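Chain residues, written in single-letter form:
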Amino acid sequence: MLADHKSRSYLPWLLRLFAALCLLATGVQVWAQTQDQAVDFATQSIQLAMSDEPRSLNSIKAVDAFGIYVVEHIMDGLLRRDANHQLVPAVAERWEMHGTTARFWLRHNAVWSDGRPVTAHDFVFAWRTVVDPATASEYASMMYVVKNGEAINSGKMPLAELGVKALDDYTLEVELEKPTGYFLQLMTFIVFFPAREDFYTAQHGRYFADVENMLFNGPFTLTKWVHGAALRLEKNPSYWNRDAIHLNLINIPYITNDSAARFSLFKDGKIAVEDGLVGIVTEQLHGALENRFRIHSHSDGSQFYVEFNLRPQRPTSNLNLRKAMQAVFDSQELVYKVLGIPGYIPGHSLFPVYLQGVKAKFRQEYPVPLPSLDLAQARRYLQKAKQELGVDNIPPLSILADNREINILQTQYLQSLFKRTLDIDLRVDVQSFKQRLDKMHTGSFDLVIGGWGPDFDDPMTFADLFASWNGNNHGLYNSPLYDSYIKTAQDTDDQQIRMDAMGKAQQLLIDEAVILPTYERVISTVQHPQLQGLVFQQTGAQMVLTYARVVE
Amino acid sequence: MLNYILKRLGMGVLTVWFIATATFAAMHLVPGNPLANEKATNAVIRANLERQYGLDQPVLTQYVIYMGNMLKGDFGIAFSEENRSVNDIIRETFPVSATLGLLSLLFATAGGVMWGALTAIYRNRWPDYLIMFLVILGISVPSFVFAGLSQFAILHLNKWTGVSLLPVAGWGSFRAMLVPALVLGLSTMAYLTRLMRSTMLDVANTDYIRTAHAKGLSTTRIFLHHQLRNAILPVITVLGPSIAIITTGGFVVESVFAIPGLGRYFVQSVAQLDYTVIMGTTVFFGAFLVLMVIAVDILYGFIDPRIRVEASR
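In the order they appear, the protein sequences are chains A and B.
Residue numbers for the first sequence, in the numbering used here: 1 to 552.
Residue numbers for the second sequence, in the numbering used here: 553 to 865.
Mixed in with the good hints, there may be bad ones.
[Claimed, not checked] Below, simulated SDA-like cross-link-like pairs (lysine to any residue); rule was C-alpha separation at most 25 Å, straight line:
hint: 1; chain 1: B; residue 1: Lys591; chain 2: A; residue 2: Tyr354
hint: 2; chain 1: B; residue 1: Lys591; chain 2: A; residue 2: Asp483
hint: 3; chain 1: B; residue 1: Lys711; chain 2: A; residue 2: Lys165
hint: 4; chain 1: A; residue 1: Lys165; chain 2: A; residue 2: Lys224
hint: 5; chain 1: A; residue 1: Lys178; chain 2: A; residue 2: Asp493
hint: 6; chain 1: A; residue 1: Lys439; chain 2: B; residue 2: Leu607
hint: 7; chain 1: B; residue 1: Lys591; chain 2: A; residue 2: Val278
hint: 8; chain 1: A; residue 1: Lys439; chain 2: B; residue 2: Val582
hint: 9; chain 1: B; residue 1: Lys559; chain 2: B; residue 2: Thr789
hint: 10; chain 1: B; residue 1: Lys591; chain 2: A; residue 2: Leu184
hint: 11; chain 1: A; residue 1: Lys224; chain 2: A; residue 2: Gln44
hint: 12; chain 1: B; residue 1: Lys591; chain 2: A; residue 2: Arg311
hint: 13; chain 1: B; residue 1: Lys591; chain 2: A; residue 2: Phe433
These aren't lab readings, by the way, just hints derived from the structure by calculation.
Here the structure is a predicted model, which means the values were calculated and not measured.
Kindly generate the complete structure, drawing on both the sequences and the hints.
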């Protein structure tokens, strides 16, 4: 009886529920229409995601990839690189270089976003601020090529002694410490960008901390920066070359380091690229292939290698031991069979393949012999090493790596390789980021997985890594011959002499088995088919949107 | 009562001081330098940086300076983000995490109390088994699995319907909060369900419930007025610390759904060895947690007169 009563009262309830659902559905429809999309042709706007927050957008202090990426879009230096990576005029209209003197003539129509002209004084002020010890800029060392840069940064000389002066409002003269073959390349790097003194001082230490503390002279202006959440770049209407800029709006409403989340955003049509700076992971690459997405792969310029510890108390200071390990190590097997990441290039040298030499690519002009895997020879080296070290068996060696998956994979590969071929035990020492750095710098390792991303477009950014005075020479490789090659290459602007010296340096590193080059990294991105003209570079901003446009 | 509150607050301050000191000591004992980076800086630049961040001082001096500033409510400048004070980081990101957290707690408590009560009513029948099975799932499956799965589901829902019903990720609208809040609250909901079930069953066997039945009260009235009100007490105990934990951000959920909350700073600051952010987030969380525990103790007296009587004796 009771049940009957209940079933009768269900009907109006169902009706009400149905009505509510209908209302909800219409609400959702209205809701959904206010959606922003990855690209829009009519307004020339795009949406992107970033995998991390820029640590700084101040051209004088920024060192992180995300900061440099944004700064290159909102600021303009003396020179810029075009879509084909060639140096082209930016704030400087033309320039001349003779030995240790460079002169730049600035264009008159380059203006700050408040309408005042960009002058030579703005460069003088910015460069002095970079080397000012009180600024504590991490990239101040880039400015050491300018006369007295290092002395001023060490607090031994006043700022005014820096070798840069404004001959008049539109002529800038630079005095160099010594002839520097790659000086013009440096002009595209953000620490050499201008800053206007009156504006800088008016911010009281908060220069470029927030949107209201910013003054732009680049292709875009930053109109919104919600820390950790969103950025918004709009075309700069007062940029001198505004007619060449197509995009009106670059909206970045998502910041997340979760690559699966960014890939979902791409699949949902919310972002136009995933991701220019970090790239998609291998599993996603397979998904992208299945979905027939537009995939683009490019080298990000980074070279990875295993460094040996050459401190005398370490077994790895023995040349024959290192040569034995070198003779069994095959970077092709590592890259193709162990890592299996599409596009990665097996490493054969400290110098990646994309670097430019005198006329052709550096690696074409100075080829390295492909490693010949020779187990018998390796065992002869090992035998000699044991004699020289006075041991019957090589003691277990420690290999230091941080906890990223790709590094753990490499340590496991090397562990089994050296055990199988040479009967050497490797002990894997996995540390988190900062702890690995600490152990690297104090030399608590026999082997360590390291790598380097280039700072400027010249082989020297790699070559001087293993000079005895370089802080990134973690194994303390100390070779007067190597140092002399580097000094030769640093003391002249004759490209033939420079490249010859670095070619010899490259061979010496192989002969002395200082490192085992592992791979060159390649970044794969997926891109919206309507977005054209993206440029990827190995130095500076890794992805450039300045020449991009949305097509129909 | 006032005396009691003051005593608890005093102990709370002492606890927070202890947390701050222990954290300070621990992070300085960990090898590594907050200013170190993949690219080593030369000695000159390193010295300039250390001077700017006060790391050139002896650790004890750093401790005194830091504690002094903290008393003034200044957590210092972050190492990993130029020009950003830790106060700003907390001020900007905590409201985001708190909004998400409160919404997820709403889901969790409403769901937990409801499901818990249901399982108690249907004890040892199939709704009980089903819900308890889901509860075990909710407690044991980590949140990144739920987060990833729900994002996958949204993606396919959007594709299937052809409209963006729910955003895949992002922050700013109410509908962007719904799924992340649900995912964030799932484990708390599961925990509360189990708690609610056991206390409901405990209460059901008490003398006063039997008396209520005996004197002929309706089942609904007994359930609402006697059983539920008594069973909900432990839930409130758990809820206090839960508020502090959930509203200060879930790292995984925030990163999967691109939510600009406080959660990532807890994790990244440790990886970066960012001294000021580690201290700021830990002390903030510690103080908040201590405060919530005290608040729950005080609230108890108002909800349950028996506890007040105990205290006054």
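So, going through the hints one by one against the coordinates:
no. : hint                : in the structure
1   : B:Lys591 x A:Tyr354 : holds (21 Å)
2   : B:Lys591 x A:Asp483 : holds (20 Å)
3   : B:Lys711 x A:Lys165 : violated (60 Å)
4   : A:Lys165 x A:Lys224 : violated (35 Å)
5   : A:Lys178 x A:Asp493 : holds (9 Å)
6   : A:Lys439 x B:Leu607 : holds (20 Å)
7   : B:Lys591 x A:Val278 : holds (18 Å)
8   : A:Lys439 x B:Val582 : holds (12 Å)
9   : B:Lys559 x B:Thr789 : holds (20 Å)
10  : B:Lys591 x A:Leu184 : holds (23 Å)
11  : A:Lys224 x A:Gln44  : holds (18 Å)
12  : B:Lys591 x A:Arg311 : holds (21 Å)
13  : B:Lys591 x A:Phe433 : holds (13 Å)
When each numbered hint is compared with the structure, violations occur for hints 3 and 4.
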